[in-house]
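Undergrad: Assemble the whole structure, with the sequences as input and the hints as a guide.
Here the sequence shown is numbered in our numbering, starting from 430 and rising by one per residue.
There's no promise every hint is true.
[Claimed, not checked] Computed list of lysine-lysine pairs in DSS-like fashion (alpha-carbon distance at most 30 Å, straight line):
hint, residue 1, residue 2
1, Lys486, Lys509
2, Lys511, Lys564
3, Lys470, Lys486
4, Lys564, Lys540
5, Lys509, Lys537
6, Lys537, Lys511
[Unchecked claim] Pair by pair, the computed Cβ-Cβ distance ranges are:
hint, residue 1, residue 2, range
7, Glu588, Lys511, 31 to 41 Å
8, Ser510, Asn579, 26 to 36 Å
9, Lys534, Leu498, 23 to 33 Å
10, Asn560, Thr476, 29 to 39 Å
11, Gly587, Val505, 29 to 39 Å
12, Phe478, Asp554, 22 to 32 Å
13, Met565, Lys511, 23 to 33 Å
Calculated from the structure, these hints are not laboratory results. Built from N, CA and C at the ideal position, the CB exists for glycine as well.
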Amino acid sequence: MYLAHPKTKLKKLVGSKGFIEHWNYKSEDLDVERVTNVGGKDTLAATRFDRHIYVLKGIGNVETNESHLLAEGDLVKIPKSKMATIADSQLQYLVIKGQVQSPQKYGKGTKFNESPYKRFVYILDGFGRLNHNSKMFNINPGAAILLDPNETLEIFSGEAEVLIVESV
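TA: Structure (structure tokens):
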């Protein structure tokens, strides 16, 4: 797993009932956190922003003001000022503050050009190579790249299914 940005933090926490692993990128207008929860309990505090949970692997329950059964590929919105609890599940998921685009597959030659927003590109699946600011990277599922507004990303070879989050 790589995250092409120096502000990345990796922290491992032991939950009350199990093991929880986090990595995250946080800024004022964009926040993405990947969590692996193996039988533990994770509580997301209420915030001033809408957030989303995107399930990468597993199946489990998320409770806000109602209960949601989630499986791989599901995206659920957590409204601002609402708390969420993920418990007694074995899930790997992203907690996202930002504008989420539905996951899509892109092929060779696809370019993500400059944008007025910061973008977080999370690779769900794929193979081949990426060109990020004239640096080549392998396409690895679970990898993430942060693009500042003036940066571009190109799928140099192969294909990738990606989830793109833009700053709010």
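Undergrad: State for each hint whether it applies.
TA: Results of checking the hints against the structure:
Under the criterion of a C-alpha separation no larger than 30 Å, the hint pairing Lys486 with Lys509 is consistent with the structure, at around 25 Å. This hinted pair does not check out: Lys511 and Lys564 have alpha carbons roughly 41 Å apart, beyond 30 Å. Distance restraint check for Lys470 and Lys486: the Cα-Cα separation of roughly 16 Å lies within the 30 Å cut-off, and the hinted pair is therefore satisfied. For the hint linking Lys564 to Lys540, the alpha-carbon distance of about 14 Å falls within 30 Å, and the restraint holds.
Proximity of Lys509 to Lys537 is assessed by CA-CA distance (about 38 Å); at most 30 Å being required, the pair is judged violated. With a C-alpha separation of about 41 Å, the suggested pair Lys537 and Lys511 falls outside the 30 Å cut-off, and the hint is violated. Hint check: Glu588 to Lys511, Cβ distance near 37 Å, so the stated range 31 to 41 Å holds. One distance hint, 26 to 36 Å for the beta-carbon pair Ser510 and Asn579, holds here, with the actual separation near 34 Å.
Range check, Lys534 to Leu498: about 26 Å between beta-carbon atoms, so the 23 to 33 Å window is met. Judged by the Cβ atoms, the range 29 to 39 Å given for Asn560 and Thr476 holds: they are separated by roughly 35 Å. Taken as a hint, the range 29 to 39 Å holds for the pair Gly587 and Val505, whose Cβ atoms sit roughly 30 Å apart. Distance hint for Phe478 and Asp554: a CB-CB separation of about 28 Å, consistent with the stated range 22 to 32 Å.
Between Met565 and Lys511 the CB atoms are about 42 Å apart, so this pair departs from the stated range of 23 to 33 Å.
Consistency with the previously given hints fails for numbers 2, 5, 6, 13, ordered from lowest to highest.
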